[in-house]
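Trainee: Fit chain D to the supplied structure of chain R, relying on the hints for placement.
2 protein chains.
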Amino acid sequence: MTEAESLMQLALKAAWEGISQGQSPFGCAIRIGRKVVAVAHNHVLASTDITAHAEIVALREACRNVGNIHLTGALVASTCEPCPMCIAALHWARVETVYYGSTIDDATAIGFNELTLPAKELLRIGKSNVNLVPGVLKQECQQLFQEWRASHAYHPY
Amino acid sequence: MTEAESLMQLALKAAWEGISQGQSPFGCAIRIGRKVVAVAHNHVLASTDITAHAEIVALREACRNVGNIHLTGALVASTCEPCPMCIAALHWARVETVYYGSTIDDATAIGFNELTLPAKELLRIGKSNVNLVPGVLKQECQQLFQEWRASHAYHPY
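Line by line, the protein sequences give chains R and D. Heads up: the first sequence begins at 1254 in this note's numbering, then just goes up one per residue. Heads up: the second sequence begins at 1254 in this note's numbering, then just goes up one per residue.
Keep in mind that the hints are not guaranteed to be accurate.
Copies of the same chain look alike in the list, so a pair counts if it fits in one copy or across any two.
[As the list claims (entries may be wrong)] Heads up, simulated SDA-like pairs for lysine to any residue below, C-alpha to C-alpha not over 25 Å straight-line:
hint, residue 1, residue 2
1, Lys1373, Thr1356
2, Lys1380, Arg1402
3, Lys1373, Asp1358
4, Lys1391, Ile1322
5, Lys1373, Ser1300
6, Lys1266, Thr1255
7, Lys1380, Asp1358
8, Lys1380, Ser1404
9, Lys1373, Arg1347
10, Lys1288, Thr1301
11, Lys1380, Thr1369
12, Lys1373, Thr1361
13, Lys1380, Ala1362
Honestly, the hints are just simulated from the structure, not real lab data.
In isolation and in its complexed conformation, chain R is listed as follows (with noise of 0.2 Å):
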């Protein structure tokens, strides 16, 4: 199993716990040098707060426990391919690189109110430094879906 892989290991857990607390199907981890700083799930319907997608919330953990705003050199695992807002603020952090599984469109098609903007086109048109790489575990991630399809017939988030 490659380092990728590993660290996406940890966000699909993530990811699984949160489906089974009724929340989205999302999970995010983030590593920093050998030491992982944050693994978080989408929290957005537990928290009633738009903003707690996996990656968000996996950010705000990662600079509290770093006491940084900046995550210099941090990999990032996201079940998901990251929308609009979570790639944005992956920039802020300044991470190096971002790793993704299933993508914008496989949520789109479950039903989720994506923007329609990949994150890599994000990334050029914004001259951003973030290395993204698809692909990671992909069939796994997306199994996260149809496994939270088969559940939440209505009403995504």
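Mentor: What follows is chain D alone, placed relative to chain R:
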């Protein structure tokens, strides 16, 4: 004074309070119907939270106050054109209209590490229904940056 300008005055007041507390020079106010449901300034440094832009802080407060992740019909005044993170968050919250004063270019000019993607472009590419109204109390909003620059020559966040 128009209703947009009246709401912007609240955002400006919050931004000035933020500056007086050593925070970055941005403010945001949110109104639904006749009720102001959130007013906030940037809290990035105070909270050690890279996501705590004025709009994000205000959205979280508004969701909490309204008890709903969707702020249907909300009017939002932001002293500066929202960055991609913030405009995408405003899309997720399903607000109706966003008024702003100064621009992303103005923020870049005083040293903020902005993604060079105008809010209007992000909404257009992403096929969002959020209305965007520029130039509300523009000079007053730009004045925040001038004041802030005079006292913070380095390390803008």
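Trainee: Hint by hint, note whether the structure agrees.
Mentor: Taking the hints in turn, this is what the structure says about them:
1. Within a single copy, lysine 1373 and threonine 1356 get their C-alpha atoms as close as 11 Å, and across copies as close as 24 Å, so both meet the 25 Å cut-off.
2. When the C-alpha separation of lysine 1380 and arginine 1402 is checked against a cutoff of 25 Å, the pair qualifies only between copies, where the shortest distance is 24 Å, while the shortest distance within a copy is 35 Å.
3. Taking identical chains as interchangeable, the C-alpha atoms of lysine 1373 and aspartate 1358 lie at most 25 Å apart whether they share a chain (13 Å) or sit on different chains (22 Å).
4. For the identical chains of this complex, lysine 1391 and isoleucine 1322 are neighbours neither inside a copy (30 Å) nor across copies (29 Å), given an alpha-carbon limit of 25 Å.
5. For the homomeric pair lysine 1373 and serine 1300, neither the shortest alpha-carbon distance inside one copy (29 Å) nor that between copies (29 Å) is at most 25 Å.
6. For the homomeric pair lysine 1266 and threonine 1255, the shortest alpha-carbon distance inside one copy (17 Å) is at most 25 Å, but the shortest distance between copies (50 Å) is not.
7. Taking the closest pair of Cα atoms, lysine 1380 and aspartate 1358 come within 25 Å of each other both inside a single copy (23 Å) and across two copies (14 Å).
8. In this assembly of identical chains, lysine 1380 and serine 1404 lie within 25 Å of each other by CA distance neither inside one copy nor across copies; the values are 40 Å within and 28 Å between.
9. Both within a single protomer and between protomers do lysine 1373 and arginine 1347 lie at most 25 Å apart by alpha-carbon distance, with minima of 16 Å and 24 Å respectively.
10. In this assembly of identical chains, the alpha carbons of lysine 1288 and threonine 1301 lie at most 25 Å apart only when taken from different copies (19 Å versus 30 Å within one copy).
11. With identical chains, the CA atoms of lysine 1380 and threonine 1369 are at most 25 Å apart both within one copy (19 Å) and between copies (7 Å).
12. For the identical chains of this complex, lysine 1373 and threonine 1361 are neighbours both inside a copy (17 Å) and across copies (21 Å), given an alpha-carbon limit of 25 Å.
13. Only between protomers do lysine 1380 and alanine 1362 lie at most 25 Å apart by alpha-carbon distance; the minimum there is 16 Å, versus 29 Å within a single protomer.
In summary, the numbered hints that this structure violates are 4, 5 and 8.
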